[in-house]
Structures are given as C-alpha cells and as structure tokens.
Amino acid sequence: MDGPRTTRLVEAVLRCYPARWRRRHGDEAAELAALLIRDGTPVSSIAWSYLAGAARERLTPRPGRRLSTAACALLLAACSLGIAAGLLPSTVPARAASTSPAPGRAHCRSGPVPGVIPALGHPRVIIWEAWHGRSC
Amino acid sequence: MAVNKRDGRAGQDVLRRVGEASVLILISLADGPKHGYALIQDIKELAGVELGPGTLYGALDRLERLGLIEPLPADDRRHPYRITAPGAAALRGHLDSLERVSAAGRLRLRLGGI
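Chains as they are written, first to last, in the numbering used here: chain X, 1 to 136; chain Z, 1001 to 1114.
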C-alpha cells in the first residue's frame, strides 16, 4: 500500500475513536502508526489494533459516562414500551384482543404468561395478546 | 489514591486484573519515562511481545485512571508517561506475588519428580 493510502487508512480508523480520545492521543497515534509502518509492521495489523481499541474505548463504561448511559438505557426502554403499546394493537386483528381462546386452538392458554413481568400492567396485556394472536 | 479507592484496601495485587499489557508497560516505565513508540520497542526487546498501538493506548488510559502512571508535558506530539509511587508499589507487589507462585510451581515440579 502506498504512503497516502496508508495515511488515509490510519486516519479513517483513528476517526472511530471518540473525539475526547482523538484530542488527547490523535496526533501521537498517527505518528506512532507512521513509525511502526516504517519499521515494517503491516498496516492491516495497525489498523486492526486501532479499530479494536476504538471499540473498547466506546464500549468501556467511564465514571462520567454512567449517568448518560443509564439515561440512554431508560430512554430506550421507554421508547420500546411506547412503540410496543402504540403500534402492536393496530397491527393485530381485533380478535386478538379477546381474552377467550380462539376456536380450534386448544393449545393456546389464557392466564399469566411465564417470564412476563406483571408489574408492566397494561402493556403486558397488549404485548401478550399481540403475541397470542400471531402464534395461535 | 486511586488504587485504594478502587480496591478498598492497600496491599492488594491490583495488577492481577489489568492484563499483561499493563504490567509490561509498568515494567518498562520502571526505569524511566517513555512515550508510546519507545514503550512498544522496549517491551518487544524486554519480553518479546509486540503490543499493538490500540492495546497500548487502552492500557495507558487504564493505568492513568488507576493512578499508576501519569503523563508528563508533551514533547512535540509525543506524550511521555512515568510510573507513580502507587504504580511502583503495585508493580512490586505484583512481581512479589508472581515470584511466590513461580517458586511454588518449581517446588511442586521437583516434588512431583517431573
């Protein structure tokens, strides 16, 4: 691989790191890559190492990032419940909302579903009924 | 001190869980400050291990968060690091622990006649 292409590859991989990391180590990391390439280290192994490092950097929880991660998780959970509650009833036939078993589907049972948290209340019913309607 | 905050008590082998790369970096820094490229070269010579640059920066960040190393003012684009006093103590403790395990292993090999 020629010089400019190598440099572009390393720069592209370094862009996978968070901006905070790039501000701190970016210039040095690019220089280090150039020195290692000069020493004969394959570009692919350098790129792979930086790529794995970037993934670790993004996935490792930091003390200051805990709150935002928790907030994101809560937001995601809330969105999932909202989507489930809002969309599923409209995509399921009306008969699925009935609590009585469908004729000819004796294997379908009504009542509590194992593994479903009762505290979820109304969404639990919707989710269960939607699933019930589809599978039975 | 970051080491004590994290592990609750002093004297515990904090390096047991940080990985081989971090231990090798501490060993390399034990004789003086070095920047990334010098660390990679030294570790290759010292232990025959080629640290990838991504692994190197990950380990440096972790050691710094633990308070075991600290960055020195940048020299051009290179940031040298030096081992801190808690870092030296942690390394000493870890090497002592390895020595004990090594001695026990050798003794058992002798006793087993292998």
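It is possible that part of the hints are untrue.
[What the hints assert, rightly or not] With a straight-line Cα cutoff of 20 Å, these simulated EDC-like cross-link-like pairs (lysine to aspartate or glutamate) come out:
#1 Z/1044 / Z/1013
#2 Z/1044 / X/39
#3 Z/1044 / Z/1031
#4 Z/1044 / X/57
[Unchecked claim] If you want a taste of the chain Z side facing chain X, the calculated C-beta under 8 Å gives, among others:
#5 1033
#6 1037
#7 1053
#8 1057
#9 1085
#10 1089
#11 1097
[What the hints assert, rightly or not] Label pairs and their in silico Cβ distance ranges:
#12 Z/1047 / X/4: 33 to 39 Å
#13 Z/1101 / X/35: 34 to 40 Å
#14 Z/1076 / X/6: 36 to 42 Å
#15 X/39 / Z/1104: 26 to 32 Å
#16 X/59 / Z/1064: 16 to 22 Å
#17 X/60 / Z/1074: 50 to 56 Å
#18 X/4 / Z/1100: 19 to 25 Å
#19 Z/1044 / X/59: 38 to 44 Å
#20 Z/1073 / X/61: 17 to 23 Å
Source of the hints: derived by calculation from the structure; they are not laboratory data.
Every residue, glycine too, gets a C-beta built ideally from N, C-alpha and C.
| task | Check each numbered hint against the structure and report the violated ones by number, ascending. | result | Per hint list: 1, 4, 5, 9, 10, 11, 14, 15, 17, 18, 19 and 20 violated.
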